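Undergrad: One letter stands for each residue in the lines below.
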Amino acid sequence: MTAGEAFAGKRWHDMGGELAGPVPDADHDFALWEKRVDALVMLANMKGIFTVDGLRRVLEDMGEDAFETLGYYERWVGSLNQNLLEQGIYSVAELADKMAEVEARGTTYGTASDAGA
Amino acid sequence: MPVPDTFAPGTPVRVRTLMPPGHVRTPAYLRGKTGAVERVLGPFANPEQLAYGHPAQALPLYRVRFRLGEVWPDSQTPNDTIDAEIYAHWLEPL
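Protein chains in written order, with our numbering: chain B, 15 to 131; chain V, 8 to 101.
Hint data in this document are derived by calculation from the structure and do not stem from the laboratory.
Not one of these hints is a red herring.
Some chain B residues judged to face chain V by a derived CB distance under 8 Å, without partners named:
(1) K24
(2) G30
(3) G31
(4) T65
(5) D67
(6) G68
(7) R70
(8) R71
(9) E74
(10) Q101
With a straight-line Cα cutoff of 20 Å, these simulated EDC-like cross-link-like pairs (lysine to aspartate or glutamate) come out:
(11) B:K24 to B:E78
(12) B:K24 to V:E77
(13) V:K40 to B:D28
(14) V:K40 to V:D90
(15) V:K40 to V:E77
(16) B:K112 to B:E88
(17) B:K61 to B:E100
(18) V:K40 to V:E92
(19) V:K40 to B:E32
(20) V:K40 to V:E99
(21) B:K24 to V:E92
(22) B:K24 to B:D75
As the structure is a prediction and not an experimental result, all values here were calculated from the model.
Cβ coordinates follow ideal geometry from the N, Cα and C atoms, glycine included.
Just chain B, with the same shape it has in the complex (with noise of 0.2 Å):
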């Protein structure tokens, strides 16, 4: 986007008034990080970290590519961490660290391990 374009009109997620197709009506279960993620983000809510509002912002903020290329929930984790980081809940070295230990443990539910958390 350039410097013109943030002032030519609506951004790319404004999609109100638009003609959209059908609506898709698949059924689909969610994973167990898809839940973890919107406890965490309703958790945030209510103690008061961030609103609904700020994670709108975030996803507003990541751009029409995001939208097309990244899962719902993969886009919540992504606006919950940006608000966690903005708010000082931990620092970027520390969700480093945490990122670390716990890609460490292993890559499946069944075959990782708790050693060292």
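We have chain B; now place chain V onto it with these hints.
TA: Frame of chain B; chain V shown alone:
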């Protein structure tokens, strides 16, 4: 940003034609359109401030009713209506 006095139900209003970047809580397809206040919903914290983690001003939130013919000039049912909930700072009296 100035906030107008509370609009009574029935007041004709125009959605302000502002196009700022950032988190905006008024859909683009209604900006610049004219409708009328259907009801006053009460004061709510401005979500455009909450979105950035800032203390938020309590603003009147209105349900505004628009004719389809006003929003979409080629509408097949121009006298049907659409309601939208819009914060005070996005509205100006006619």
